[in-house]
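Protein chains: 2
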Amino acid sequence: MHISTALLTDHYELTMVDAALKAGTADRRSMFELFARRLSGARRYGVVAGTGRLLEAIQQFRFTDAELDFLREQQVVSASTIEWLADYRFSGEIWGYPEGEVFFPGSPLLTVEGSFAEGVILETLALSIMNYDSAVATAASRMVYAANGKPLAEMGSRRTAERSAVAAARAAYIAGFSATSNLEAGRSYGIPTMGTAAHSFTLLHDSEREAFEAQIAAFGTDTTLLIDTYDIEQGVRTAIDVAGTELGAVRIDSGDLTVVAAEVRALLDSLGATNTRITVTNDLDEHTVAALAASPVDSFGVGTSVVIGSGSPTMGMVYKLVARENDEGEWVSVAKKSTDKASVGGRKSVRRLLNSRGVARSELIFLGDGPGGTPEGTDVAETSRQVLEQFVDGGSVAQRFTGTEGIALARERHRASIAELPAVAMSLTRGDPAITTEYR
Amino acid sequence: MHISTALLTDHYELTMVDAALKAGTADRRSMFELFARRLSGARRYGVVAGTGRLLEAIQQFRFTDAELDFLREQQVVSASTIEWLADYRFSGEIWGYPEGEVFFPGSPLLTVEGSFAEGVILETLALSIMNYDSAVATAASRMVYAANGKPLAEMGSRRTAERSAVAAARAAYIAGFSATSNLEAGRSYGIPTMGTAAHSFTLLHDSEREAFEAQIAAFGTDTTLLIDTYDIEQGVRTAIDVAGTELGAVRIDSGDLTVVAAEVRALLDSLGATNTRITVTNDLDEHTVAALAASPVDSFGVGTSVVIGSGSPTMGMVYKLVARENDEGEWVSVAKKSTDKASVGGRKSVRRLLNSRGVARSELIFLGDGPGGTPEGTDVAETSRQVLEQFVDGGSVAQRFTGTEGIALARERHRASIAELPAVAMSLTRGDPAITTEYR
Chain A
1 MHISTALLTD
11 HYELTMVDAA
21 LKAGTADRRS
31 MFELFARRLS
41 GARRYGVVAG
51 TGRLLEAIQQ
61 FRFTDAELDF
71 LREQQVVSAS
81 TIEWLADYRF
91 SGEIWGYPEG
101 EVFFPGSPLL
111 TVEGSFAEGV
121 ILETLALSIM
131 NYDSAVATAA
141 SRMVYAANGK
151 PLAEMGSRRT
161 AERSAVAAAR
171 AAYIAGFSAT
181 SNLEAGRSYG
191 IPTMGTAAHS
201 FTLLHDSERE
211 AFEAQIAAFG
221 TDTTLLIDTY
231 DIEQGVRTAI
241 DVAGTELGAV
251 RIDSGDLTVV
261 AAEVRALLDS
271 LGATNTRITV
281 TNDLDEHTVA
291 ALAASPVDSF
301 GVGTSVVIGS
311 GSPTMGMVYK
321 LVARENDEGE
331 WVSVAKKSTD
341 KASVGGRKSV
351 RRLLNSRGVA
361 RSELIFLGDG
371 PGGTPEGTDV
381 AETSRQVLEQ
391 FVDGGSVAQR
401 FTGTEGIALA
411 RERHRASIAE
421 LPAVAMSLTR
431 GDPAITTEYR
Chain B
1 MHISTALLTD
11 HYELTMVDAA
21 LKAGTADRRS
31 MFELFARRLS
41 GARRYGVVAG
51 TGRLLEAIQQ
61 FRFTDAELDF
71 LREQQVVSAS
81 TIEWLADYRF
91 SGEIWGYPEG
101 EVFFPGSPLL
111 TVEGSFAEGV
121 ILETLALSIM
131 NYDSAVATAA
141 SRMVYAANGK
151 PLAEMGSRRT
161 AERSAVAAAR
171 AAYIAGFSAT
181 SNLEAGRSYG
191 IPTMGTAAHS
201 FTLLHDSERE
211 AFEAQIAAFG
221 TDTTLLIDTY
231 DIEQGVRTAI
241 DVAGTELGAV
251 RIDSGDLTVV
261 AAEVRALLDS
271 LGATNTRITV
281 TNDLDEHTVA
291 ALAASPVDSF
301 GVGTSVVIGS
311 GSPTMGMVYK
321 LVARENDEGE
331 WVSVAKKSTD
341 KASVGGRKSV
351 RRLLNSRGVA
361 RSELIFLGDG
371 PGGTPEGTDV
381 AETSRQVLEQ
391 FVDGGSVAQR
401 FTGTEGIALA
411 RERHRASIAE
421 LPAVAMSLTR
431 GDPAITTEYR
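Chains as they are written, first to last, in my numbering: chain A, 1 to 440; chain B, 1 to 440.
Take these hints with a grain of salt, some might be off.
Here are some, though not all, of the chain A residues that point toward chain B, as calculated from beta-carbon distances under 7 Å [as the list claims (entries may be wrong)]:
| hint | residue |
| --- | --- |
| 1 | Ser-4 |
| 2 | Leu-7 |
| 3 | Lys-22 |
| 4 | Ala-23 |
| 5 | Ile-82 |
| 6 | Pro-105 |
| 7 | Leu-127 |
| 8 | Arg-158 |
| 9 | Met-194 |
| 10 | Ala-197 |
| 11 | Gly-220 |
| 12 | Gly-311 |
| 13 | Ser-312 |
| 14 | Leu-353 |
Quick caveat, the hints were computed from the structure, so don't treat them as lab data.
We put the beta carbon where it would ideally sit given N, CA and C, even for glycine.
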């Protein structure tokens with residue numbers, strides 16, 4: 001496993017740099033924009049995630065001898081370009097939607113300004129991270145809403161590739177999950193980790209009772225016993241018999257959870273274990289979580305569906321050159337002409353328009369202003385707030401957006417951003433974005 | 001980025017080890033099986049991938065001070081378990097379906113035999129890798145069939161998380177793709193990489209002609225020009241005007257590819273560029289590739305759909321304790337009793353039954369035999385072949401299944417394995433597995 005992120009890149013990014021260096025166009029000041037043309041899965045809003053990871057990855061985007069040797073041997077680029085890559089450090093500016101913020105079609109999630117070569121080379125890495133992490137966060141956010149205040153744990157590591165699992169845990173946490181099963185996410189990002197036992201632990205022992213006794217001996221009674229390996233009713237009785245009525249929780253991983261949870265609650269109560277909580281974990285998604293809202297379930301463990309974006313495992317974001325300087329040093333909007341992939345060129349700033357009650361009404365994208373600019377002449381009596389923030393200034397990454405500080409900030413921002421959305425945003429059905437995107 | 005894979009693990013794997021060590025049950029000889037209850041997406045066959053990566057990851061599964069410090073600080077396990085983890089080396093046996101092999105519901109893709117503790121701790125990592133890589137390979141294999149001999153390049157790095165992208169390139173290559181855009185896959189696994197330019201390269205320049213001239217100057221005429229940034233007909237004319245009739249290829253990334261490819265082929269021919277190839281890359285999947293079979297397309301670039309398993313981004317494989325020794329040292333089959341998640345316990349060996357023409361008829365799973373055993377009394381006049389291979393013996397990994405050698409072997413095996421399947425296996429519609437799984 002190489003630490004450098006520089007080869008997590010499509011071959012053509014480097015051949016473009018190579019050809020542009022030879023043509024003398026590589027240094028043209030350019031602006032790339034990362035955005036989604038639509039919301040995957042006809043969701044009502046998207047959730048930005050991955051920004052902090054991307055900023056960390058950009059700091060590791062270095063062509064050391066190991067990378068350069070490969071590129072030289074495979075003749076991916078010419079010798080002069082190898083030299084250029086050896087010195088590569090992103091030296092430009094990056095603005096964008098801060099992590100945790102909600103977004104809509106066309107939202108300029110990242111604006112990368114620098115030379116063509118230094119900007120284009122980040123395309124693949126930026127899209128890989130943002131597309132996956134945002135897909136997970138977008139799904140996770142809906143689940144958090146569906147859970148109606150009850151805590152959710154992310155447990156999907158086994159259903160996505162091993163390093164994606166860590167990213168997924170992070171994205172779900174930003175979107176409001178309380179914990180993860182993934183230990184690397186605990187180490188790398190400080191996310192609370194949790195878990196007790198699987199069915200194999202029960203099957204290892206000569207009886208369910210012996211398994212429960214072993215677990216209680218190791219962790220005390222404030223643990224979660226998995227009670228559905230054999231017969232659920234007997235499992236509950238054995239659990240309380242072994243742990244007493246102070247047992248922390250029972251976990252149910254099979255069956256019709258609405259029915260079973262009610263039966264287990266009644267049984268626990270009848271045994272005097274009125275404080276013992278119920279957690280459920282059987283192939284949940286936002287719809288099944290919502291359906292369990294009225295049942296006596298205390299917490300949810302969500303696996304597969306959150307790490308695969310609940311049916312939309314990637315956001316479909318793209319990274320496009322939207323403007324560049326011409327020979328006179330003036331910015332020129334550029335756009336591909338193909339009708340089915342039209343993108344809106346030029347430099348942009350963004351404000352979220354809110355009504356007098358603080359409810360989001362629309363996303364205002366001001367063309368022509370640089371990111372972070374304060375457009376004048378907005379014809380609104382209503383309030384609006386600035387959306388873009390600057391992540392990188394002259395190549396220097398603002399560290400508050402990275403690491404555990406960045407995650408804490410993103411989690412808080414997500415909460416605030418969701419609270420602004422109109423009620424329709426929380427619909428789990430497919431439909432139009434919750435607010436419109438307007439270009440001004 | 002930590003090199004150790006040990007924390008790419010669910011919290012509960014370690015708490016189970018902790019409790020089992022305390023209870024004196026951790027050393028019970030156990031057999032875990034990794035299998036899929038059904039084929040995701042109602043596919044006709046699955047393709048095993050990830051095995052080589054898993055074997056490499058198991059060799060990196062070490063709890064160094066960095067991992068142990070985290071576990072100690074977070075009190076994930078007790079001090080005595082920390083000591084056990086510090087010495088952890090998998091010392092058991094692993095048998096399974098070799099990479100590239102096709103599989104069916106119930107196929108024992110991995111059989112992990114060792115102490116309970118040393119086997120259970122690999123659960124999350126094994127599932128993460130196998131579920132993702134196999135999902136990609138299963139989708140990729142269908143695309144290869146749909147392409148009917150024309151080459152496919154994997155270009156989906158931007159639509160899956162950055163390290164998954166490398167795994168996806170590897171899995172697609174095993175399933176028969178010819179190349180990838182992902183440079184890290186080229187470095188790590190020796191997979192051919194390819195790519196030339198994106199629309200941004202054309203937009204960087206003052207005209208399409210200048211962009212084409214820059215690319216030809218850098219790479220000669222045997223390159224691929226992207227001709228749909230503005231007007232496709234004009235793009236083709238400019239391409240041939242700049243490169244001459246020896247231009248290697250043109251790439252089309254938008255529009256109705258069936259119509260456009262035919263028009264571009266006719267135009268190229270009319271301009272004398274009869275050897276210039278056409279490659280297409282616009283949101284392809286196995287269905288659109290199949291639909292283009294009769295069109296004058298020479299090669300395909302597939303992005304999103306292959307890296308997200310074309311609608312089935314994870315295989316739904318599970319890792320279950322199927323047998324363990326009792327206090328008398330006898331193997332005992334174990335199985336969870338819950339009706340909706342029944343698994344077939346015990347030790348197994350597998351043969352693929354073929355008819356007299358060498359066409360696969362069914363997957364025979366022999367219960368009770370150890371993996372690799374040669375069951376007797378098979379009542380078939382037909383032929384059959386052994387499926388399982390041994391990957392790990394006494395903790396030692398058979399290196400031929402890893403690295404570039406393992407990939408080459410897997411790619412060849414996939415070709416041979418696919419060639420055995422009945423015609424129905426190649427149906428792109430949803431349906432039953434191509435052959436039945438029979439327990440004997």
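Comparing the hints with the structure gives:
no.	hint	result
1	Ser-4	violated, 9 Å
2	Leu-7	holds, 4 Å
3	Lys-22	holds, 5 Å
4	Ala-23	holds, 3 Å
5	Ile-82	violated, 13 Å
6	Pro-105	violated, 17 Å
7	Leu-127	holds, 4 Å
8	Arg-158	holds, 4 Å
9	Met-194	holds, 6 Å
10	Ala-197	holds, 5 Å
11	Gly-220	violated, 11 Å
12	Gly-311	violated, 9 Å
13	Ser-312	violated, 9 Å
14	Leu-353	violated, 31 Å
The structure fails to meet hints 1, 5, 6, 11, 12, 13, 14 from the earlier list, while all remaining hints are met.
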